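The hints should help you fit chains B and C onto chain A, whose structure is shown.
Below, each chain spelled out in residue letters.
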Amino acid sequence: MLLALALVAAACGDGGGGDTTTTSADDTTTTEGETPTTAGETTTTGGEPMVCEATVGFIGPVTGPVAFIGEVQLNWFNYALDTFNAEMSYSFQSVEGDNQFDTAQSATLAQQFLDNTAMVAAVGPAGSDQVDAAGAVYEAGDPNFTFISPSSTRSGITAQYTGMFRTVPTDDDQGPTTADFLVAQGAENVFMVDDQSSYSTGLADSVEENLTAASVTVTRESVAQDVTDFSALVGTIPDDTNFVYLPWQVAANGQIFANQMAEQGKEAVIFGSDGMDSDDFTQAGSYIAAFAPDIAAIEGSQSILEGYLAEYDDTNTFGPPVYAAARVIFEAIARVCEAGEVPDRANVQAEVRNTDQADSILGSPISFTDDGDLAEGQFFIFQIQEDGSKTLVP
Amino acid sequence: MSDIGVDRWVEESGDRHEQYSGWTAPARRLFDSIRPGWRLGGFVFLLALFPILAPQGTVRVGITALLLVMLALGLNVVVGWAGLLDLGYVAFYGFGAYFYAIVASDQLPAHWPSWIAIPVIVVATALLGALLSLPSRRLVGDYLAIMTLFFAQVFVELVRNFQRLPGISPDFDLTGGPNGITGVTPWSLFGFEFNTFNRNFYLLLALLVLLVVGLHNIDNSRTGRAWRALREDTLAAEHMTTPVNRLKMLAFAVGAAIAGLTGTIFASVQVGVFPNNFLLVFLITIYAALILGGIGSIPGAVVGAIVVAFAPELLRNPGTGSWLFYIGLVAILVGTLKKWSLVAGIVAGVAAFGFLVRQTALTIWDDSILGVANDTFVARIVDGWLLILGQHQDVVANYAFVLTVVGGLGVTVTKGWWRAVVAIPTIYLAILVWENKLALQPAVTRQLLFGGVLMVMMAVRPQGILGTRRVEIT
Amino acid sequence: MENFLQQTVNGLTLGSVYALLALGYSMVYGVLKFLNFAHGEVYMFGAFAGYGVLTVLGGPSALMVPVWAAVALMFVASMAVASGIGLALERFAYRPLRNASRLAPLISAIGASFFLQAAALLLFSANSRSYEAPELIPIDTAMTVGPIDVWAVRILVIVTAVVLMILLTWWVQRSRVGKAVRAVSFDSEAAAMMGIDVDRVIVVTFLIGSALAGVGGVMVGLVFGRIFHLMGFVAGLKAFTAAVVGGIGSIPGAMLGGLLIGFAEAYTTAYISSTFQNLIVFALLITFLLIRPSGFLGRPELAKV
Numbered sequence: 001m002l003l004a005l006a007l008v009a010a011a012c013g014d015g016g017g018g019d020t021t022t023t024s025a026d027d028t029t030t031t032e033g034e035t036p037t038t039a040g041e042t043t044t045t046g047g048e049p050m051v052c053e054a055t056v057g058f059i060g061p062v063t064g065p066v067a068f069i070g071e072v073q074l075n076w077f078n079y080a081l082d083t084f085n086a087e088m089s090y091s092f093q094s095v096e097g098d099n100q101f102d103t104a105q106s107a108t109l110a111q112q113f114l115d116n117t118a119m120v121a122a123v124g125p126a127g128s129d130q131v132d133a134a135g136a137v138y139e140a141g142d143p144n145f146t147f148i149s150p151s152s153t154r155s156g157i158t159a160q161y162t163g164m165f166r167t168v169p170t171d172d173d174q175g176p177t178t179a180d181f182l183v184a185q186g187a188e189n190v191f192m193v194d195d196q197s198s199y200s201t202g203l204a205d206s207v208e209e210n211l212t213a214a215s216v217t218v219t220r221e222s223v224a225q226d227v228t229d230f231s232a233l234v235g236t237i238p239d240d241t242n243f244v245y246l247p248w249q250v251a252a253n254g255q256i257f258a259n260q261m262a263e264q265g266k267e268a269v270i271f272g273s274d275g276m277d278s279d280d281f282t283q284a285g286s287y288i289a290a291f292a293p294d295i296a297a298i299e300g301s302q303s304i305l306e307g308y309l310a311e312y313d314d315t316n317t318f319g320p321p322v323y324a325a326a327r328v329i330f331e332a333i334a335r336v337c338e339a340g341e342v343p344d345r346a347n348v349q350a351e352v353r354n355t356d357q358a359d360s361i362l363g364s365p366i367s368f369t370d371d372g373d374l375a376e377g378q379f380f381i382f383q384i385q386e387d388g389s390k391t392l393v394p
Numbered sequence: 001m002s003d004i005g006v007d008r009w010v011e012e013s014g015d016r017h018e019q020y021s022g023w024t025a026p027a028r029r030l031f032d033s034i035r036p037g038w039r040l041g042g043f044v045f046l047l048a049l050f051p052i053l054a055p056q057g058t059v060r061v062g063i064t065a066l067l068l069v070m071l072a073l074g075l076n077v078v079v080g081w082a083g084l085l086d087l088g089y090v091a092f093y094g095f096g097a098y099f100y101a102i103v104a105s106d107q108l109p110a111h112w113p114s115w116i117a118i119p120v121i122v123v124a125t126a127l128l129g130a131l132l133s134l135p136s137r138r139l140v141g142d143y144l145a146i147m148t149l150f151f152a153q154v155f156v157e158l159v160r161n162f163q164r165l166p167g168i169s170p171d172f173d174l175t176g177g178p179n180g181i182t183g184v185t186p187w188s189l190f191g192f193e194f195n196t197f198n199r200n201f202y203l204l205l206a207l208l209v210l211l212v213v214g215l216h217n218i219d220n221s222r223t224g225r226a227w228r229a230l231r232e233d234t235l236a237a238e239h240m241t242t243p244v245n246r247l248k249m250l251a252f253a254v255g256a257a258i259a260g261l262t263g264t265i266f267a268s269v270q271v272g273v274f275p276n277n278f279l280l281v282f283l284i285t286i287y288a289a290l291i292l293g294g295i296g297s298i299p300g301a302v303v304g305a306i307v308v309a310f311a312p313e314l315l316r317n318p319g320t321g322s323w324l325f326y327i328g329l330v331a332i333l334v335g336t337l338k339k340w341s342l343v344a345g346i347v348a349g350v351a352a353f354g355f356l357v358r359q360t361a362l363t364i365w366d367d368s369i370l371g372v373a374n375d376t377f378v379a380r381i382v383d384g385w386l387l388i389l390g391q392h393q394d395v396v397a398n399y400a401f402v403l404t405v406v407g408g409l410g411v412t413v414t415k416g417w418w419r420a421v422v423a424i425p426t427i428y429l430a431i432l433v434w435e436n437k438l439a440l441q442p443a444v445t446r447q448l449l450f451g452g453v454l455m456v457m458m459a460v461r462p463q464g465i466l467g468t469r470r471v472e473i474t
Numbered sequence: 001m002e003n004f005l006q007q008t009v010n011g012l013t014l015g016s017v018y019a020l021l022a023l024g025y026s027m028v029y030g031v032l033k034f035l036n037f038a039h040g041e042v043y044m045f046g047a048f049a050g051y052g053v054l055t056v057l058g059g060p061s062a063l064m065v066p067v068w069a070a071v072a073l074m075f076v077a078s079m080a081v082a083s084g085i086g087l088a089l090e091r092f093a094y095r096p097l098r099n100a101s102r103l104a105p106l107i108s109a110i111g112a113s114f115f116l117q118a119a120a121l122l123l124f125s126a127n128s129r130s131y132e133a134p135e136l137i138p139i140d141t142a143m144t145v146g147p148i149d150v151w152a153v154r155i156l157v158i159v160t161a162v163v164l165m166i167l168l169t170w171w172v173q174r175s176r177v178g179k180a181v182r183a184v185s186f187d188s189e190a191a192a193m194m195g196i197d198v199d200r201v202i203v204v205t206f207l208i209g210s211a212l213a214g215v216g217g218v219m220v221g222l223v224f225g226r227i228f229h230l231m232g233f234v235a236g237l238k239a240f241t242a243a244v245v246g247g248i249g250s251i252p253g254a255m256l257g258g259l260l261i262g263f264a265e266a267y268t269t270a271y272i273s274s275t276f277q278n279l280i281v282f283a284l285l286i287t288f289l290l291i292r293p294s295g296f297l298g299r300p301e302l303a304k305v
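Chains as they are written, first to last, in our numbering: chain A, 1 to 394; chain B, 1 to 474; chain C, 1 to 305.
Isolated chain A, as found in the complex:
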């Protein structure tokens, strides 16, 4: 991340020679021979700090049924904004929008963002159906408006909306990875429960397809998200089940499920999807798929995480992709400014497409396909240990 900034700064320092104008009679410095500045400092040829202004929006479920997702997302967004502004001495503005996980509000917010002429891009919405609602508005109003979803994983939606990108891999990646892993672990009977949400059913369908193709018996059930007692369902798990696959969004429910399995003496091992990657789920011996290795373990991300935790109380798996998405937007705007242009929706989107970060808070490079998906989305599989820590499984 810092390396990328340094490269950008260096490029700026070297390439800025073209914009000397006649009015700068008192600016005597020339650009050739200017040493590359250290990361975090950018200067124009005139030696003054660059003025770069833009407004970026945030749409997320800050209150409502999944407030625990939205709250963390908003915090990470604000953190990214504050740190970026501090680093670059810019003063980007933000507008936050709470869509309460509702599609109608997402559409309204999207339109309000479009009306705001100072706004060039936004992070969010979080859920795939809200992306559909907001995306329809963006597409009809201004396809140049960039919106990066930090948590929508349904395959195929990026192709439908011009300005859509995302910083998480799709179900098309997670499904086969999960299925392959389960097969490699010798699974013969898998019990699968989805939580009737768009995310969950998509993922479960994908994994089921792959597993059945590999001749594994799959028992598929589903529960509504508002159910908190799974004892009855747990009771129906056949005794010869090797694995229980839970592609759930609410990790705490997963822990309840695990407890009740232990209560009733079911010995299958739980495999959770990325939604279960959270401190709420700590069942020793279980596996989790996550699209980022434990960021506390990545060197570059550790300091970011510490800075975040100093200001806000806690975090979960939905946070870091927001940070990544926000940084992508901010850095794209910065690149536009450094090229000497005023940021507007069209050139910011062009720069977002050009994003090519060698490193990010998620531990992997960020660049986008033509549609807007992550070009190199990866999934990592962890196993939870007795003390709650997670170890990577190769």
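Treat the hints as calculated values from the structure; they're not laboratory data.
For clarity, every value in this text was computed on a predicted model and none was experimentally measured.
Positions of the beta carbon are idealized from the N, C-alpha and C atoms, including for glycine.
Some hints could be false.
Computed spacing ranges between beta-carbons, pair by pair [stated by the list, open to error]:
{"id": "1", "chain 1": "B", "residue 1": "LEU314", "chain 2": "A", "residue 2": "SER91", "range": "25 to 33 Å"}
{"id": "2", "chain 1": "B", "residue 1": "VAL281", "chain 2": "C", "residue 2": "ALA192", "range": "32 to 40 Å"}
{"id": "3", "chain 1": "A", "residue 1": "THR219", "chain 2": "B", "residue 2": "PHE172", "range": "21 to 29 Å"}
{"id": "4", "chain 1": "A", "residue 1": "SER91", "chain 2": "B", "residue 2": "GLY37", "range": "51 to 59 Å"}
{"id": "5", "chain 1": "C", "residue 1": "VAL145", "chain 2": "B", "residue 2": "PRO109", "range": "53 to 61 Å"}
Coordinates of chains B and C only, in the frame set by chain A:
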């Protein structure tokens, strides 16, 4: 000229007119002097200016408001006029929306032209409403409510899990499951496509006018009177040979038809439908709009829905929210105290208390507890006076919040001097909590204020803004 | 057979919690003819109060007092907090609306529900908390009932619920205040004319109903572990259904209704389908209601013309 009862009351209504008092009197007299038809016309004209003057985002909110108005009017027929507690109303809305989405998109695929689809859907929803009214023969009151509630839950579950129903092949994706249906073609009548917000706004406005006029006529007709009889005393009405069961069916059907029609427009505007659009929370919103506005009254439903739709939007923006908070605080003081000297006294008391608290806190702990003020106009002004905390903001604000609620309740029970004594710290704490916590979380504050306003509104004016006071004889 | 017993225990646990909540609904409806939609939020705050006590006492892994004392304290604290909120609701939100139309208190209750949910969100943030009961009372402290093992917490929950229900029934039948509650339930005007202080009776009803809800909240935390600010909404809905099915206004009816719904949920999930769990349970209840329109033990309302 008779001396007793209703006739006298009616005769004296003219005198009552003259007797309007208070500072709203001239406005009310003016309002009464305009004929109802002109009132409607004026109202519509004002609304028609809206898309021209407001940005598109606000027009979108306006569309949401108008949709809510229509739903409130429909619900008013069932609950307000016929007195049947229908907790499943949102399912009719969903039915209309999904039906339209299914026949006007690539889902089946079936691309019915609007002029066929819309009447079919309205009739179908009305039939569904009539069907749902059948149990009302056996079930009354709260039992009927449960059944309709069940229906609302069933609808959402069915729509979300349609492919998993036994007997349905998993390839027959009628409702799109949890992903909903997207790519719905908007209404299109006589070659005119309603694909922009402005067009949809005017469409809704036109439909609203038709609906209001139609409902007004029904209200004054035999059916309306029969519904009123049904609502007041079902058994008596039955004994007076009013066809009670048919009336119930009619009420349900009319309400459902309105909901179905509104549903199609909703699907058309959002160009998609999702199961989460029709949850119980939305039903509660419709009820809140209706009751806040005044149940049983058409203008009440309109006003209530507009208020309920716009209030959360106003509170979205922290700056606006802060203004509303402080103005609201002052308004409450002025409204309850009536004498300016008292108001000034309380304000001075709060100011003094604030200084006292700040000095004490700074003496006991030092400057380090202070934090940064919010970015709003008022916050910057009060920064020097109010204790805005840094590190322990959250914890202190939590306790202060609880104390404010307790204090607020205490103010309502105390009298005289004691009331002032309790009020001053409460007001200070309220401002403290606002600046330290609430202003930072506009989303949560919205919900808090919404709930609080509902409660206070009901305690102070249970008939709603435009309703008439009713006394229930049980 | 084993599975059936297991599911029966599951149903019993769930049913006990629903019964406790439904009692609150039924009692309040009995005296006031009004459905207190904010009851679920009272239950939620009770659960959080228990969590607060648990944290103050050191958390599940480092308790400062013996386990049984901690659990007892949690129950007491939750009852206190829940009753407090219930009483405040009665005094400030519902009493002014005694003589208004039927719908005004309903909307006030809904407003109270929103307010309390938002307050919980403010005070506790959106993350769910966990009692981490398996650490508190380990899963292997199970009693063997026939062919299955039942976790001690479940037994605690079922036993507590039964004891409370027995106490309540005894109190309502034998004590003076209990008789007053029954009288007001039956005919509040006549009761007032007989010299019963109706206001006080209503306060007592709210007190007890809310206390029971608070206990229910702690129980849910113990058995299922996850508490969060929206838990009251769904639980409230189910308890409301239970109260209606059992015959609203009737105390034994609420208990029966709660148990019925608990069993229905457990058996439906196990033997029919978990996807359509809610749907099927509702369908059963509705069919039943159509057969017996005033609930299991409800009194058919006599309407005077």
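Here's how the hints hold up against the structure:
1. B:LEU314 / A:SER91: 25 to 33 Å: 27 Å, holds
2. B:VAL281 / C:ALA192: 32 to 40 Å: Given range 32 to 40 Å: holds, Cβ gap about 38 Å.
3. A:THR219 / B:PHE172: 21 to 29 Å: The hint (21 to 29 Å, Cβ to Cβ) holds, given that THR219 of chain A and PHE172 of chain B are roughly 22 Å apart.
4. A:SER91 / B:GLY37: 51 to 59 Å: About 55 Å separates the Cβ atoms of SER91 of chain A and GLY37 of chain B, which means 51 to 59 Å holds.
5. C:VAL145 / B:PRO109: 53 to 61 Å: The hint (53 to 61 Å, Cβ to Cβ) holds, given that VAL145 of chain C and PRO109 of chain B are roughly 57 Å apart.
The earlier numbered hints are all upheld by this structure, with none contradicted.
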